[in-house]
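Visitor: The residues making up each chain are set out below.
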Amino acid sequence: MKAYEALPLALKGLKERKVRSALTIMMVVIGVALMTALNGMASGFDVFLNKQISNLAPNLLILSPEPFIGERFGSPQGPSIVLTDASLSILKSLPKVKEVYPAYIGGVKVSSKGKSLDKNLLGLEPYVIKKIVPSIEIHSGSMLNTGQSNGVMLGYNVAFPPDGPFAKVGDTITIEHSKVVEQAGVQKMVKDRRSFFVIGIFKPTDQITDNMIVVNMDVAKTLLKKESSYDRIYILTEDIKDNGFVESGIKQLYGDLVSVTSPQSIIKTVQELLSGWEAFVASIGGVSMIVGSIGILAALYTSVLERTREIGIMKAIGFSRGGILLLYLSESISIGILGGIIGLGAGMVAGQILTESVMRSLNAPPIEPVFLPESLLLVFLLAILFSVLAGIYPAWRASKLDPVVALRRE
Amino acid sequence: MSLTNHYPLILEDVHKVYRIGEIIVPALQGVTLKVRKGEFLSIAGPSGSGKSTLLHIMGLLDRPSKGKVIIEGKEASLLKEREAARLRNEYLGFVFQAYNLINRMSALENVELPAIVKGVSREKRKRRAQELLSLVGLGDKTDRKPNQLSGGEQQRVAIARALMNEPSIILADEPTGNLDSKAGGEITKFFKKICEEYSQTIIVVTHNPEVAKATDRTIYLRDGLIVEERVNK
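Just so you know, the sequences run in chain order A and B. Under the working numbering, think of the first position of the first sequence as 1, with each following residue one higher. Under the working numbering, think of the first position of the second sequence as 1001, with each following residue one higher.
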């Protein structure tokens, strides 16, 4: 028999037992869909986070004071370390450090034309933006000048939130900052508000920058009521290779009083998280594939028992052991192929829904699942592999039947 | 014409012993037989005489414990499983008492099956299957499934299937056993016809004296031995 002749015969065999075949295919569909959906979500995260980080300068280290321990218990006592101009000089003098830039950061309420948003205000020398986010570009307007105290730059999501434009270049917006201060032993909420012109709007770059409002450093210092300490120090090393060296230098200097992050360390953390996730996905997918293949095995084995007599006829007609083996393996491969195709489709739909609902429940920005052709192919091949493995035993049993005994069976 | 072409089937001192646990059951105890080309041969005998075992051995579904089975000059008892399967496919056609058609396939597809195994092209085998079904008088029922056909019709589909690969020998095991006398008589007549018109060698195992009488020669088996041989007129 020519191998391709086995397929139509196998499909006829499956069609004869419609319900059983459909249920068996369903088992494969579930396994494949589960793997596809979870993989798509993991790849979506991966792509999203890499995109976020790839916009930051690779030789960047971000230093911020660790919050004072008391703050974790609800008492706003400020940071545990004070980062001053002296700190800047010390950091600058560390070997392999090229440049250092301080910044202030704080939450504000920004209002325009009756609408208001809660965003972060970043205060730094405007030219520093380009240093830490090299790929940033201006969408409209122009770059804020150093020392310009009545202007702001808006991140793309601030200017154009999903529910419609918030402000455009030339508009006046109000920024309000509230701070709890202690006066004569009484805690009091102090509000400060100022008006600004929108000088420029950044192009969409990444989640952090897109949600930022940028002003000159002095403006942020007064508005946010900062006293002696900077909130961030951006450190550019001489080369990406030196990041680790500089980081350990900083740790020697300040110990656990500061935290140092770099695009690399973020990538590393994310990758660790993702590889954990991927192992989890693989184990769930693997288990469901095994369950599916046991389903195939059970279904095929039952049909071998039911068709004992038919196998005897096939042998009388001239099917060899190999021919019978091929026939039954074709049935299980058909189940794998059908289940695989339907499963990939179902998995892509499920991945979309799953990713959306997970991101919504985490209140996180929407992430698109990513279905890489190579991982789709891998899942598909796995489905076929598992179905072949499941088919081997029933097919072997069928091929081994003694035709005389098989024909005698009523 | 060589000698073996005169005898598509030769059995030489064929023995078959079954072992059921400790007990040894001799089913055939030395059967020697030559079947001529175009001969219509019947094998008769009481139940347990070894008729079916003999037919299975002639059909290469079973192997003799001792002795030779020679089909078209090839010693079949020495063949590997795969080669025996090929010989069954190309030289032998089976007709069973219970028709043994495959229920999910149409009459045409059932008839085609041996040609699929042989590797005949789709177009060619469809055409031949159609011709054979017309030959057995079912040219208008090729799309019917077996359960939409009467017993006699099913058996005729089975005969068409047996003829598909132009076999040297047709082996029929009680082909009229499940049929009424009219349908059975038609099957026997049809066998006779293809025997005479196409020089088709046919070996039929039967209980039915009517069937036996219609054949050229009848051999009687008892306890695994040929005890009588009769040439019918």
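Keep in mind that a hint or two might mislead.
[Unchecked claim] Result set (DMTMM-like, lysine to aspartate or glutamate): computed pairs, CA atoms no more than 20 Å apart in a straight line:
1) LYS2(A) / GLU1090(B)
2) LYS1145(B) / GLU16(A)
3) LYS12(A) / ASP1143(B)
4) LYS400(A) / GLU1083(B)
5) LYS1074(B) / ASP1143(B)
6) LYS2(A) / GLU1081(B)
The hints are simulated quantities; they were obtained by calculation from the structure and are not laboratory data. Just so it is clear, the structure is predicted and the values come from calculations on it, not from any experiment.
Visitor: Now look at each hint and say whether the structure bears it out.
Guide: Verification of the hints:
no. : hint                    : verdict
1   : LYS2(A) / GLU1090(B)    : 15 Å, holds
2   : LYS1145(B) / GLU16(A)   : 12 Å, holds
3   : LYS12(A) / ASP1143(B)   : 15 Å, holds
4   : LYS400(A) / GLU1083(B)  : 16 Å, holds
5   : LYS1074(B) / ASP1143(B) : 38 Å, violated
6   : LYS2(A) / GLU1081(B)    : 18 Å, holds
Against the hints set out earlier in the document, a violation occurs for number 5 only.
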